[in-house]
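J.: Modelling step: build the complete structure from the supplied sequences, incorporating the hints.
So you can see what is in the structure, the chains are spelled out below.
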Amino acid sequence: MTDRESSLPSATSNDDPALAAELAALYARTPAAEPAQIARCTSAVLSAALPAPGAARTIGGLRFRWWWGAAAAALLIAVVTRPWRPDQAQQEADSAFVAAAAALEPRGLTVEERNGSVTRFDLTLPASTKAVSLVGDFNGWDEAATPMVRRASDGAWSTRVPLPPGRHVYAFVVDGQRWLVDPLAPQVPDAGFGPTNALIVGGTP
Amino acid sequence: MHAPALIACLLLTQLLVAERSVESPERRPHSQAEAREESREPRQQVQFDASRFDSLTATALRSILDRAAAQGLPTAPLINRALEGAARRASGPKILAVVRVHAAALAEAREALGDRSTSQELDAGATAIGAGIDPGVLAAIRETRGPGQAITPLVVMTDLVRRGVPSLTARDAVTSIAIMPTSDEALLGLQLTVAKNAQRGPGMALDALNRYVRLTVPGARPPSTPATLDRKPVRPPPS
Chain A
333 MTDRESSLPS
343 ATSNDDPALA
353 AELAALYART
363 PAAEPAQIAR
373 CTSAVLSAAL
383 PAPGAARTIG
393 GLRFRWWWGA
403 AAAALLIAVV
413 TRPWRPDQAQ
423 QEADSAFVAA
433 AAALEPRGLT
443 VEERNGSVTR
453 FDLTLPASTK
463 AVSLVGDFNG
473 WDEAATPMVR
483 RASDGAWSTR
493 VPLPPGRHVY
503 AFVVDGQRWL
513 VDPLAPQVPD
523 AGFGPTNALI
533 VGGTP
Chain B
2 MHAPALIACL
12 LLTQLLVAER
22 SVESPERRPH
32 SQAEAREESR
42 EPRQQVQFDA
52 SRFDSLTATA
62 LRSILDRAAA
72 QGLPTAPLIN
82 RALEGAARRA
92 SGPKILAVVR
102 VHAAALAEAR
112 EALGDRSTSQ
122 ELDAGATAIG
132 AGIDPGVLAA
142 IRETRGPGQA
152 ITPLVVMTDL
162 VRRGVPSLTA
172 RDAVTSIAIM
182 PTSDEALLGL
192 QLTVAKNAQR
202 GPGMALDALN
212 RYVRLTVPGA
222 RPPSTPATLD
232 RKPVRPPPS
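Chains as they are written, first to last, in our numbering: chain A, 333 to 537; chain B, 2 to 240.
Simulated from the structure, these hints should not be mistaken for laboratory data.
The beta carbon of each residue, even a glycine, is placed where N, CA and C say it ideally should be.
It is possible that some hints are incorrect.
As the list claims (entries may be wrong) - Some chain B residues close to chain A (C-beta under 8 Å, calculated; not the full set):
(1) Lys95
(2) Arg101
(3) His103
(4) Asp124
T.: Structural data, given as C-alpha cells:
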C-alpha cells in the first residue's frame with residue numbers, strides 16, 4: 333500500500349471493503365496538482381476578491397486619499413474638544429457625565445397632595461427591581477408596613493401615606509435588601525446606619 | 002424549687018421588667034414642658050417594639066431613654082433611631098452607640114436652639130450637629146425663626162452642608178431667606194437647586210446657591226465669592 337492509499341481519510345473498519353478498495357485505487361490514480369496549476373487557481377481567486385491593480389475606488393468621481401480620513405478625524409476632535417474654548421468644552425463634558433450618571437441613578441419625587449393631607453412617594457428604578465417598600469418614622473421602620481406599587485403608566489414605584497404635619501424621616505428598601513434614598517430630596521446624613529431622606533409636611537410657616 | 006428552674010424564672014422576670022420599662026418612657030410625658038410640647042405638636046406614630054431588640058440592648062436602651070427623659074429631652078427621636086437601626090439589622094452595640102450620640106446631640110441642640118424648641122426642631126438640630134454644623138449656626142437660625150418654626154431652615158441647612166456647601170456660606174444663604182415671610186417654599190427651592198447642581202461638583206453647587214439667593218432675596222449680596230473655575234466632574238456623594 334502506498335502513502336497516498338494509507339492516507340485515505342474516510343477508510344475505517346466499518347466501511348465496505350470492496351468500496352474502500354475501489355476508492356483507494358481511484359485516489360491513487362489521481363495525479364498530484366502541478367505548481368503552475370496551483371498558481372493559476374490562486375491568482376483566479378485573488379483577482380475575484382481584490383480590485384484590479386490601478387483601478388482605485390472613487391467617491392463622487394474623486395479618488396480616495398488616505399489623508400481625507402486624517403483630516404476628518406482632526407476636524408472631529410477640534411469640534412468636540414474646542415481647544416479655543418476649554419471652559420465650555422469642560423462644561424459640556426460635565427453635562428454629558430451628569431446625564432449619563434443620572435440615567436443610572438434612582439429618581440424620586442415626593443408630592444404632598446392637598447386633599448386629605450396625603451403624601452405621595454414616587455421612585456423610578458431599573459426594570460429589574462422586584463419589590464420596593466417605604467420605611468420611616470411614620471411606620472416604625474417596618475419594611476412590611478408600606479409596600480410600593482409599580483405604576484403601569486411610567487413604571488415608577490408609588491405609594492400614598494397619610495402624614496401629620498411636621499418633619500419625617502424615610503428611606504426606600506429595594507428587594508428587601510438594599511436601602512436607597514432619593515438623591516434630590518433633603519437628606520439626613522449618615523449617623524451610623526446609612527443616609528435617609530427628610531420630608532417636611534406642611535404646617536410650618 | 003430546683004436551682005435551674007429558679008434561675009430560669011428570675012431571668013424571665015427580668016426580661017419582662019426590662020421590656021416594660023423600655024416602653025414606659027414613651028408612654029408618659031417626662032416633664033411638664035414636654036407634656037405641654039407634645040400636646041402642641043402633632044403626635045408622631047412612634048411605637049417602640051422591644052421585641053426588635055435583644056434583651057441586653059433593650060435594657061441599655063431603657064437606661065439611655067430614662068436619662069434623656071430625666072434631662073427633659075424628647076425620647077421619640079431616640080426611639081426612632083433605635084428602630085431604624087433594628088430595621089437595618091445593625092448590631093446591638095452599634096444601635097446603642099448611635100442612640101447615645103444622638104442623645105448628646107439633642108442636648109447640644111437644645112442649648113443652641115433654646116428650651117422652648119419643639120422636639121422636631123431639636124431632632125433636626127441634633128441631626129445638623131451630627132452633620133458637623135456648629136451649634137452657633139443653629140443659634141443664628143433660631144434668631145430668624147420663632148419656636149416651632151425652624152424645622153425647614155434646619156433641614157435645608159443640613160442638606161446643603163451634606164452636599165458640599167461650606168457651613169458659613171450655607172448659614173448666610175439660609176438665614177437671608179428664612180427672615181422673609183412664608184419662606185419655607187423658597188428654602189426648599191434652594192435645597193432642590195443646590196441638590197441638582199451639586200451632582201456636577203461643589204463649584205456648581207456654590208454657583209447655583211449664589212444665583213438663587215440673588216434672585217430670591219431682593220438686594221441680597223451673594224453669600225459667597227464666585228466659585229472656582231474648576232469644572233472637573235466629581236462623583237455625587239454616595240447615597
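J.: When the hints from earlier in the document are held up against this structure, which numbers fail?
T.: Violated hint (a single one): 2; every other hint is consistent with the structure.
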